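*Asks:* What follows is the residue order along each chain.
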Amino acid sequence: MRSIAELQNQVRSGSQLRITNHEKDSDETFVNMSLYSGIVEYFPEELVVTLKAGTTINEVNQILGENNQALPFYIDNPDKTIGSLYATSGPEFSDSVLGVQIINGKGELLNFGGQVMKNVAGYDVSRLLVGSMGRLAIVTQISLKILPKKIAVKFQNQPSLKNTKPTLGLYFEQKLKKVFDPYGVFL
Amino acid sequence: MSVISQLTKALPKNTVIIGDENTRPFECDGLSVYKQKPLAVVLPRDISQIKKVLEICRKNNTPVVTRGAGTGLSGGATPLEGCVVLGLSRLTRIISIDAENKTAIVEPGVRNLAISDAVEEFDLYYAPDPSSQIACSIGGNVAENSGGVHCLKYGLTVQNIEAIKIITIDGEELLLSRQDKGLGLLALMNGSEGLLGVITEITVKLTQKPQLAKLVMAGFSSVRDCANAVAEIIKAGIIPSGLEMMDKFAIEASEAFAHPGYPVDAEALLLCELDGAEDTVVHDLNKVVELLSKATSMRISENEDERLLFWKGRKSAFPAIGRLSPDYYCMDGTIPKRHLADVLEQISNLSEQYKLRVANVFHAGDGNLHPLILYDAGRPGELEKTEDFGMDILKLCIEVGGSITGEHGVGIEKLDAMCHQYNSAELDVFHQIKAAFDPHSLLNPGKAVPTLHRCAELGRMHVHHGNLPHPELERF
Ligand SMILES: Cc1cc2nc3c(=O)[nH]c(=O)nc-3n(C[C@H](O)[C@H](O)[C@H](O)COP(=O)(O)OP(=O)(O)OC[C@H]3O[C@@H](n4cnc5c(N)ncnc54)[C@H](O)[C@@H]3O)c2cc1C
Numbered sequence: 096m097r098s099i100a101e102l103q104n105q106v107r108s109g110s111q112l113r114i115t116n117h118e119k120d121s122d123e124t125f126v127n128m129s130l131y132s133g134i135v136e137y138f139p140e141e142l143v144v145t146l147k148a149g150t151t152i153n154e155v156n157q158i159l160g161e162n163n164q165a166l167p168f169y170i171d172n173p174d175k176t177i178g179s180l181y182a183t184s185g186p187e188f189s190d191s192v193l194g195v196q197i198i199n200g201k202g203e204l205l206n207f208g209g210q211v212m213k214n215v216a217g218y219d220v221s222r223l224l225v226g227s228m229g230r231l232a233i234v235t236q237i238s239l240k241i242l243p244k245k246i247a248v249k250f251q252n253q254p255s256l257k258n259t260k261p262t263l264g265l266y267f268e269q270k271l272k273k274v275f276d277p278y279g280v281f282l
Numbered sequence: 075m076s077v078i079s080q081l082t083k084a085l086p087k088n089t090v091i092i093g094d095e096n097t098r099p100f101e102c103d104g105l106s107v108y109k110q111k112p113l114a115v116v117l118p119r120d121i122s123q124i125k126k127v128l129e130i131c132r133k134n135n136t137p138v139v140t141r142g143a144g145t146g147l148s149g150g151a152t153p154l155e156g157c158v159v160l161g162l163s164r165l166t167r168i169i170s171i172d173a174e175n176k177t178a179i180v181e182p183g184v185r186n187l188a189i190s191d192a193v194e195e196f197d198l199y200y201a202p203d204p205s206s207q208i209a210c211s212i213g214g215n216v217a218e219n220s221g222g223v224h225c226l227k228y229g230l231t232v233q234n235i236e237a238i239k240i241i242t243i244d245g246e247e248l249l250l251s252r253q254d255k256g257l258g259l260l261a262l263m264n265g266s267e268g269l270l271g272v273i274t275e276i277t278v279k280l281t282q283k284p285q286l287a288k289l290v291m292a293g294f295s296s297v298r299d300c301a302n303a304v305a306e307i308i309k310a311g312i313i314p315s316g317l318e319m320m321d322k323f324a325i326e327a328s329e330a331f332a333h334p335g336y337p338v339d340a341e342a343l344l345l346c347e348l349d350g351a352e353d354t355v356v357h358d359l360n361k362v363v364e365l366l367s368k369a370t371s372m373r374i375s376e377n378e379d380e381r382l383l384f385w386k387g388r389k390s391a392f393p394a395i396g397r398l399s400p401d402y403y404c405m406d407g408t409i410p411k412r413h414l415a416d417v418l419e420q421i422s423n424l425s426e427q428y429k430l431r432v433a434n435v436f437h438a439g440d441g442n443l444h445p446l447i448l449y450d451a452g453r454p455g456e457l458e459k460t461e462d463f464g465m466d467i468l469k470l471c472i473e474v475g476g477s478i479t480g481e482h483g484v485g486i487e488k489l490d491a492m493c494h495q496y497n498s499a500e501l502d503v504f505h506q507i508k509a510a511f512d513p514h515s516l517l518n519p520g521k522a523v524p525t526l527h528r529c530a531e532l533g534r535m536h537v538h539h540g541n542l543p544h545p546e547l548e549r550f
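For the protein sequence lines, the chains are A and B, in the order given. Under my numbering, the first residue of the first sequence is numbered 96, with each subsequent residue one higher. Under my numbering, the first residue of the second sequence is numbered 75, with each subsequent residue one higher.
Check before you lean on any hint, since a few could be wrong.
As the list claims (entries may be wrong) - Listed below are the simulated DSS-like cross-link pairs for lysine-lysine, each with C-alpha atoms no more than 30 angstroms apart in a straight line: (1) A/Lys249 <-> B/Lys283; (2) A/Lys270 <-> B/Lys83; (3) A/Lys249 <-> B/Lys309; (4) B/Lys126 <-> B/Lys239; (5) B/Lys87 <-> B/Lys111; (6) A/Lys201 <-> B/Lys469; (7) A/Lys272 <-> B/Lys255; (8) A/Lys249 <-> A/Lys201; (9) B/Lys126 <-> A/Lys270; (10) B/Lys83 <-> B/Lys239; (11) B/Lys239 <-> B/Lys176; (12) B/Lys111 <-> A/Lys244; (13) B/Lys239 <-> A/Lys272; (14) B/Lys87 <-> B/Lys126; (15) B/Lys125 <-> A/Lys245; (16) B/Lys176 <-> B/Lys386; (17) B/Lys361 <-> A/Lys249; (18) A/Lys273 <-> B/Lys386; (19) A/Lys272 <-> B/Lys133; (20) B/Lys469 <-> A/Lys245.
Claimed, not checked - Distance ranges between label pairs, derived from CB positions: (21) B/Asp450 <-> A/Lys273: 44 to 52 angstroms; (22) B/Lys469 <-> A/Phe138: 21 to 29 angstroms; (23) A/Lys273 <-> B/Gly245: 18 to 26 angstroms; (24) A/Gly160 <-> B/Glu195: 19 to 27 angstroms; (25) B/Asp172 <-> A/Asp122: 24 to 32 angstroms.
I should point out that these hints are in silico values taken from the structure, not numbers from a laboratory. Nothing here was measured: the structure is a model prediction, and the numbers come from that model. The beta carbon of each residue, even a glycine, is placed where N, CA and C say it ideally should be.
Next up, chain B with everything else stripped away, as it sits in the complex (with noise of 0.2 angstroms):
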């Protein structure tokens, strides 16, 4: 019997999809550039459902893709040829709420926003906020280990979930708690992008509104001066619940976009948020507007809508530069922040260098870069240039210090730059975790760790923290 037979007899009806047309919504995330029919997606509605689609899998060696929402950026949720999307869009159920330990178990399907909206009556809500939150799925923010603006802050998804199930590609149920002794293994199944486990089950932490918030928006003349401010304001002791910047292009897109006027002549925008106590947020407020003597213009948000329409501006960035162009190429490499000024000066050489217009928005307080690269797919050879382009940026994010993804994940857009940021060993190391928890090699094979041959075969030489391997050797 094939293997959508057996899925069909083993579950319900309208639950098991097929045929090219039913299916075409499934064929990619939201890096729609990579596509591929699935040989089936699965809907199921409840835990042993899903376990009756991995038994059958499992038993037909068949490959399976789990899929939140489908607003991952990098490839995470993208079927693999003849595999089995298992779709958890249907398990959307809030379980259970604790409004006195400040905590809710909700299934994977479950939007983001919609946490926060269900427990709002408590004064409650869920911190991480990935601008996809009214869409994206907390079991995919758990399998990326999603961020957000206010992550600086609050932290990533990691540090707000308190547990999680998990059932491995053998049906085995696992609980994975904060007050587990041993190792970190629930801070490992966060960001395994769906590789190690299903994540069917979830704990979040959840956080007590804050009394009062402001939003300061400052305009510079300058990204140095913007970038110095940034670090003025964390030297000084103020952990803001959001940094953000952008460069002149965003700006300009933001505002004729969102409209939540933003200064349009200035060269660098910076959107500083306090939040807390009334008299914290009073007096980091006063400290933060004696830092910002640089800036050009400056305004603090009088209300709450204004604050929201100044955030407005930024969470609208991606679509606003995107009705800019044909396509454009999101980047998330993150760096120290003292290279900030540098690396964009370096981004915008490169833009001029390759001949393809960058936007650059980012969460300058964690560091986080997001250099949209503005492309047309239609023009032959421009969606390499464009991916050459974004090599290099995440190239000089390595050489920087940092990594190649903050928070969009590897999925299969970033396997070549895996090879830049570790050695052999190391994603040695990565291909044996994923084959204790999944030895057969099932859930989303191939994804988010490049195969060695993959590596040897970029052959690129491999310059791992600063350091030439066999530095002892001369070269020519």
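Bound conformation, chain A alone (with noise of 0.2 angstroms):
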């Protein structure tokens, strides 16, 4: 199990690194998250649940489950983390987050949104990070919405558009690149 300051040492001592959920991906350019994993908090009446980045959807499933809970987007492989489909994935994942933890390219522990349903204090930043292919920060924690299965289960048969490229084509993701990892420590 790896720990946050572990993790912030390793961004302020790295150059090149890139973020894996891979266990054989064990070298010293690699984050390896899938090490740091499990649920934070969840309480069923709240509609929110609080994840380690690492931890993987079966994980989470199944404790949903337990309360005939579901997260209510589409989820190609249950074997993945939440913190690999929080970076790939588009607005159907997005639509369903409410906050995130990162370590940006310094070292810095952030938190942006929270564990409510609403929260428009300050830019969305835990909405503008999804799909960002680990390209800007660390993602170590995401705080998600989710709603009983029998209601769940219509938008997780709607697949979403996956990002298969790490590009940020626009003039603009370069520039808010620069601001989250300032230094180009995310490869």
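Make one complex out of these two single chains by using the hints.
*Replies:* Pasting the structure below:
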């Protein structure tokens, strides 16, 4: 199990990092998030779950299932981690995002959004970073809106657009990369 | 040539408005305690005119405050000294309706309710319904990521927008859509309070009107019983289309104002709306009635007129309470629902401490509180006292894991409160995002995100997510 402090150190001392969820990617150029996993907070009546990024969808499904609740978005492969889904998804996923904790390219631990349904204080960074392919920051923790199973399945059956290439095509995306990762630590 | 002359020369007659008398209606938004005269107000009729305004302002380093209908409650559209107000109230065209794909393309000045009216013939509507929906503009809704009483089930503005066009201060036009790959720029623009770009066109998602909608109205002898009922309904797997709560003061005021037949002897009122296919509604309704076993009174709407009447009390709660006092101040904090009863108790304690009355209405389903503090701005010091009270409420929301604003935005009103919710590194990210889109800080500058200096001046120790900075240091 990795700690936030360890991850921060790795960013501060690393230069060219790749964020991964595969155990085999173990040398120091990889930030392996699969070891940073677990449910941080879950209150069924809040319809909110907070997860460490390395938690697999299978694990989440099991816990939510006990309360007849589920994640309300398309999941192509339940062996994936929530962090990897976050990094590669689009609006169908970000519709359910309520908050994130990240480590930026300077190694700072930052929180955006929260664990409540509504929050319009500050720019919506927690939805901005959905689809960022690990190129702007390490996403360490994610809070999601969940739904009763019978309602969630409707959304689970709608395949979403996938990001396939780590392109930051637009000029503004390049600028935003510099905001989060000014030294270009994340490859 | 002065900025006003340049604007007048570049734009058609009756587009540039100057002079105190003429610009007075634009001096404030819905938060009328803050007022400021602008340099000029410009009311363009099309995108090319918007571009001209931005170009002239950019060249002259003149700040621009974009304005929709001016119903905002946090000072987002309040003019800044020497600014040009870019009013979009003349851009009211519904460009196209695609009933099959359930979308409509509209200009930013179109009123929220006008969209639903325009698509009614297709049995569709635009779901997010701020109480100001007869007046507020869709551009303003996107800029604030507005909510309403139906967002627990149907989402906030951000979930109901398919695409937008924006123009940056540099005149660049961007089309941002849900179909885009890459960063969530469309989501970023939702709630950006006019600081990143001018929203010039919006593709909204439309929703099929439900077959049936029923509203349950239940009175409780305590706020705690009512709050527990909210949790029970959600735990039972039901997502009501509306789940609203009011306290005794709000019930009495709304009943006296709109006569919806609310139980005035109750300590708390729950409004629970169920909508959808007939059989689902009937099924859920039975379940809800079962779960409301602690209610001291209960009525179920028997027809559409009655359902709308029950809603009318809630939807006119602000003006109803407003007429009981010279002034009122509307708060907008959010909290995890499980803390509802405790937070209300503390607000009531604060109310005694400050000797200011409070009425509470809230979107209970999503933990969004609207305490309304009653005060008299005519009494010296009372506005300041009210603002201190308000800040205490917001700090309470942060302490229990919530937020200082759920739907009304930061504007100028909650700049200090932002210093409590975010640390300086996080605020710095916000400033840099602003700079990425608006490097010379000309679009609504100084709003929404406090300067680090301002937060330092506040001199308060920042407690973030329950953690003190540098916990390793001893404190005395
Ligand atoms: C009685 C009352 C009830 C209300 N109820 C609710 C409610 O239930 N839920 C809720 O969420 N809000 C509510 N509000 C607040 C307000 O109506 C919303 O914030 C609304 O979205 C503001 O729209 P507007 O057109 O009036 O925007 P304005 O007040 O004109 O502007 C709001 C902000 O958006 C920016 N802006 C406006 N248009 C654009 C554009 N085209 N491009 C870029 N920036 C733009 C402005 O610069 C400003 O920062 C209520 C207000 C009142 C007075």
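*Asks:* So which of the earlier hints does this model not fit?
*Replies:* Hints 2, 8, 12, 15, 18, 20, 24, 25 not satisfied by this model.
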